Amino acid sequence: MFERIKILTLMQLSNKSRLYVKGSKRVYVHIAIRTAIIIALTVIVSLLLHVLKNILFIPVNEFLMIFILIMTQGLNIIVSTIGLVSDLYHSKDNQILFSLAAKNDEIFFSKIMVTYVNEFVRNLFILIPIFVGFGVISNLGILYYISLIFLIFLLPIISVGISSFISMPFASFLNYIKRHNLLSAILSLIVILGLFYLTTLLVQQIPTPIRIVQLYNRFVVSITIAIQRIAQYGSIYTVIGKMLFNYHYLRNLLILVGTVLGLIAINYLVSKPVYFRLMSTSQENTVRKKDKKYKPVEATSLFITFLKKEFTIARRSLNELLSNYALLLTLPFFMFVLNYIYMGMNRSSFGNQVVLIMNVIITLLIATGSNTASATAITTEGYEFVLLKTAPYNTSRMAWAKITFNFVFTTLMIALSFFLFSKALPVFPKQDIWLLFLFVIFVNSGHILWSFQIDLLTPKLSDYASTGSIANNHNVSRSLSTGLFLAFFFGAMAIIAFIFIKEFGWTLMLLLSAVFLAYRFHTFNSYLNAYFDDIEY
Amino acid sequence: MTKKILLVLVLVFSILSIILIAVWGTLPDQPNHIQVESLIIDSYDETNDDGDKFKNVANIVTEQQNIYTIEYVVNPGNANLDIGVSSTSTGVNLQVDMADNKVHVLFSMEAIGAKETITIQIKDKNTQISDEITLWFKTSDVIIVPDI
Amino acid sequence: MNLLVMFAVIGIAFFIFFCSKKTMEKDKTLKIFSVLLFLVYLFRLFTTQDALNNVFNVLLYDIETPINSEDTWLFSPGMTVFILFLRWSTMASMLWIIIYPFFKSLSLKYLGAIFGTITGILNFIFFDQHLIAFSNNTDLWSFKSIQYMIETALFLFIAVVLLCDIIQKKEIIPRKKEWLRRLMIIIGSFFAVMPQTLLYNLFGNYGEVPDEFTYSHLFVIAFPFLLMFVVYYVTKKENQISKDTIITYLAFAAFTQYFYMRRETLEALPLHLCNTAVLLLLLAVVFKINQFFYFSYFANVLGALAAILLPNYSSDLFTFSVIHYGYNHLYAFVIPILAVALHTFPRPVLKHMYKAILVFSIYYVSVVFLNAWFNNFATVDYFFAYSDFLTDMFGVKEIQFNYMVEFTYNGLTFRFFWLFQTLYFLIFILLMFTSWYVYDALFQMADQHSRLKAKQALIKLDHLKLLKMLDGRMPSEPMNPGGKDMIKISHFSKKYGQSERFAVKDFSLEVKGGEIFGFLGHNGAGKSTTIKSIVGIQSITEGEIEVCGYSIKSQPLEAKLRIGYVSDNHAVYEKLTGREYIYYVADLYRVPKETRDERLNILAEKLALSEAIDQMIKSYSHGMKQKLVVIASLIHEPPVWILDEPLTGLDPISSYQIKEIMREHAAKGNIVFFSSHVIEVVEKICTKIAVITQGQLTGIYDINVLKDKNISLEELYMHGINQGKRAAEYV
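Residue numbers (my numbering), protein chains in the order written: chain A, 1 to 537; chain B, 538 to 685; chain C, 686 to 1416.
Just so you know, these hints were derived from the structure itself, not from any lab.
Watch out, some of these pointers could steer you wrong.
Stated by the list, open to error - Derived pair list, reagent style DSSO-like, types lysine-lysine, alpha-carbon separation capped at 27 Å: (1) C:1260 to A:92; (2) C:1180 to C:1140; (3) A:389 to C:921; (4) A:389 to C:1173; (5) A:308 to C:1278; (6) A:53 to B:662; (7) A:389 to C:1238; (8) C:1197 to A:389; (9) C:921 to C:1145; (10) B:541 to A:92; (11) C:1310 to A:178; (12) C:1373 to C:1291; (13) C:1138 to A:389; (14) C:1260 to A:308; (15) A:460 to C:1138; (16) A:460 to B:541; (17) C:1278 to A:389; (18) C:1369 to C:1197; (19) B:652 to A:53; (20) A:389 to C:1145; (21) A:308 to C:1310.
Bear in mind that the values here come from a model prediction, so they are computed numbers and not experimental data.
Excised from the complex, chain A in its bound form:
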């Protein structure tokens, strides 16, 4: 069994990374660079801890260590869980692995081992700097450093063990959600609204008027208290922290070892009956009964045909839709939290001007960062683009349908954000809110057209057709860069408009954004007419 697990693990590792080749010069260089990075990080962490202790007067003790462990390992668990859900249940190499002469639980453990190795390497960059930094600042003894040696190996086991255990019910839940799109959408909406509500509650705890110095003092005190209190609920990490600081060392060490063994055992016992069934059902496509009386309606124009297709596909891939526009979902949060803090301060007239300027920059950064769907609009047609090439009409209208879809969706999201914002923060001048909304819509629409144009000129149809993924897509990167440029450019214009021109500031901003939109519309139309027919798969 162990031999098979070892072979499966090495096979998967060598497939994912070419670096695991013994003796090659590249490996040594890689190790040397990574070691240098770890040393540098250790120095930085030590300095940070020194600042915490001697400047902020936050105690650098076992409680802080436990808190840091909870935070870092907690985050690791979340990330590993997401990774494991994909790797264990949806990975394409399952088709190869399960056809080999190995048991299901052996495959399971080989995948866990691969995750463990990656987690171990990643943890080196986190744990070594933190632990060594603590040792230096707190003048800890030799036993501490000896404990670190085996702790470096045991900590990833805990996070991976917990993640793999959690991944099972999580994967099951995801499978259920996948089959019920409407439920998925409703849940997502509830989560987002819930998070927004929680954010408003949390932020309203900040006392106004906000004085940054006092707020800062309060913040430091609150954080310090929180660190002490949270550390009690760290379970195994509390045990580890106390062990490292030499409290009931042997007892805590036994608990640690017992926990590790327990996690391994529980994963083994649960995975045996559950893993294969969960993995195979994750890859199945359920056939739902369709109402046979349902007949799609004939479209009256090509534009409507394309628009209908976009809406239908979007409706049935809500997860992809959400991931495309995830950044836009953070817009109401940023707007509310930031403006609450701004409004809570006793601002001068210059402060009011800076508030407007910052709102322009930050809303544009977020809004334009969500137009990556436009930057891959043609690319994501993949091989289906052939259908458009063979169709006997001017199918460049497909571009306008996609743009309309993206425009409608982003405008609705932005409008919702501004609406929530205006309701949550009534003290912010209403006129400024709606002028800012109009401005953002203009610039964002121009950016949608610009992103589409980027994809029009360099579509990556065959890449997408073969991989099904837009990861590392150059057009996405260019779209984000142009969005960044626009945010800074209009930020600079906002400085001139609101600080120097003042009373006609909004007029200038709206005029500039309208001119930008008109220019991009005209340019895009020209490029579409000239180059759409030249696109070849």
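Start from chain A and add chains B and C according to the hints.
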């Protein structure tokens, strides 16, 4: 350029904007010249003949709960405060919450294990008015014997 | 007296000129006189501060400034205005006639001749008034008077020579389209050399201080960009000589405008960044010195932009100092960019950037040293590298004054603010590199734009060609009416991208209706390439393809309407149901609702897909997807049905079903054209076969004939492949 980098940029800009407005975009605070007249810690168990205040924290401060909060009362309430705290031991960390007039005493594991007795002084740096309290882990067999 | 002098000088000049009989020598003589004129003019420029500059508010517009305007006037208002415009005209004409001998622009010759002659004669007639305008005295034998006489005489001489030339060559009356062009040159040239005190002379201290982004400041910022665009768009279609002439004219104008202000004091030396620009640009343009040009391109443009955005003047808009500042920085900003845009200088490469940095470094070190030295005698601040102007603006004065090195030598104190000056240098270098990226982005935009224009022109041309080929027929009619029921491929060749190798070479084939035509070939033979070119997925490199008489190249939409295509990769929208997908395709082919429903039901029944037609395509097997694509391709009942490897990966039943449909479709008189690399399938179903090997047609066979003659298709095919391989090896 990726969405993650963009998100980091947004966060950085947000924080910078708050700092910018806080430093250059706010009106200066009105100075408050009201001085402290008295500063009293009124939560304690007993006093000795010298009037020193004592508080038994044996049942409050444990390995699971290492924080003890001292509340002090300032008169007048709107006085201009600049609170400083000090202790007789290095085994504690003191955090002052001037907004709520509280001092949080964070005991280290070592101090809890050794059941250290610690005296905390709370002082207003402007007027030098102060008060003290001693925190100790009183066991049942210990009594305070008054001087005869 | 002055008229006598005028005629004498002109007479002597003519004599010298017409002595040189050869044209080449005449040209050379004209060049020498032009250079001489320029030098004489420079001498006047450097040695004269005109009294006319102090004339204030001739039109009595400014009622706010507390100056008695009339006390400043040298002449009556009418005469003042006349003299101002005469001097303006002289300046513009002078540059035309100085530049003409080196660039031979007909427009310059014409304008120089007409304007120059009229202006020159007027200058002599109003000679006294000019003397008053210079130095407020009319002493005819003063140094100034003699110098001006020589200058005017030279000026008039060259103008008259040009006038004689255009009369001789009968170019006196320009063509109609030249009128507009010359008018624009006049307007542009006059603007370029506008006397900088003109507005002050006429209107007084009009306008606000153009600073801090007031409306006049915004105008000052926007104007250089507008000017650049206007000049570029007006001149981009001119020939290269005209473009070079414009840049040269601007360089000369920049130079003369800069030295309008006296420069004798140390503070006024042209050592600020944008001041050096006017010198270096003139030298660069005249002598083609790349280092100087690219230094201006990278460094001066930045400096000029900063100066326009953050000016350091404090006078009103129409005052001399503001106009002078404006012109200086306008030219420093505009000329380098225009020179590259108009191809007078090529686009910079990294080597030019490094040269620019080198020149900038030399300039910077010189300026730092000169600042330290000259501040012993006067308050100088070249490039703002000495005073606290910049550090005060950014609130970092400590950086400058806390890190200073000072020493004395020969009684002179030398002060260096080493940290500030080093940081300033490094920041400027960084900005130069940033400008590289900005320029690069702009170049890409410009290239994209010009490619777009070229493409649009090509599209128009193609449309005109089509109309010509149709010879009066409607675009909806077939190019080749005789090819109604066939696919006709004529000498078709296809190359991919920049590759030299042809994927298909000189392929010709005719496929008629009622046939199931097989297209056989090994992997990579060119089958899919040919098919994709027929259906319009890929372009055609050479040759022609007609479907039902319509050219796929020139009449693609009409041709595609008649084609149904089954691709080799049955990619479909997996999130749609089968029915939704068919409806989508039917919408694309404009199939009416009743017809599509009927056809869908029939085909789905035939292909046993009725049960699954309302399920998501994601749940379909490979065969089901293929069948769906077959239905989609037949929904509009195309006369030409093209299938690319349709039976790959299908089970026997599905294969049989598709083959039956192919037979039915062909039986109706339609064309069925399909490719395969499986000989047995092709043998069974086809009536005719074409074999393609290494991109070339190796044979067309009638299956019935082969059967009658008992010839094995497989052997024939292998023979064809070997022949093809030998041919390829030979090549």
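Verification of the supplied hints:
no. : hint             : in the structure
1   : C:1260 to A:92   : holds, 20 Å
2   : C:1180 to C:1140 : holds, 20 Å
3   : A:389 to C:921   : violated, 37 Å
4   : A:389 to C:1173  : holds, 20 Å
5   : A:308 to C:1278  : holds, 16 Å
6   : A:53 to B:662    : holds, 23 Å
7   : A:389 to C:1238  : holds, 13 Å
8   : C:1197 to A:389  : holds, 24 Å
9   : C:921 to C:1145  : holds, 21 Å
10  : B:541 to A:92    : holds, 26 Å
11  : C:1310 to A:178  : holds, 22 Å
12  : C:1373 to C:1291 : holds, 26 Å
13  : C:1138 to A:389  : holds, 23 Å
14  : C:1260 to A:308  : holds, 13 Å
15  : A:460 to C:1138  : holds, 24 Å
16  : A:460 to B:541   : holds, 22 Å
17  : C:1278 to A:389  : holds, 23 Å
18  : C:1369 to C:1197 : holds, 19 Å
19  : B:652 to A:53    : holds, 24 Å
20  : A:389 to C:1145  : holds, 21 Å
21  : A:308 to C:1310  : holds, 21 Å
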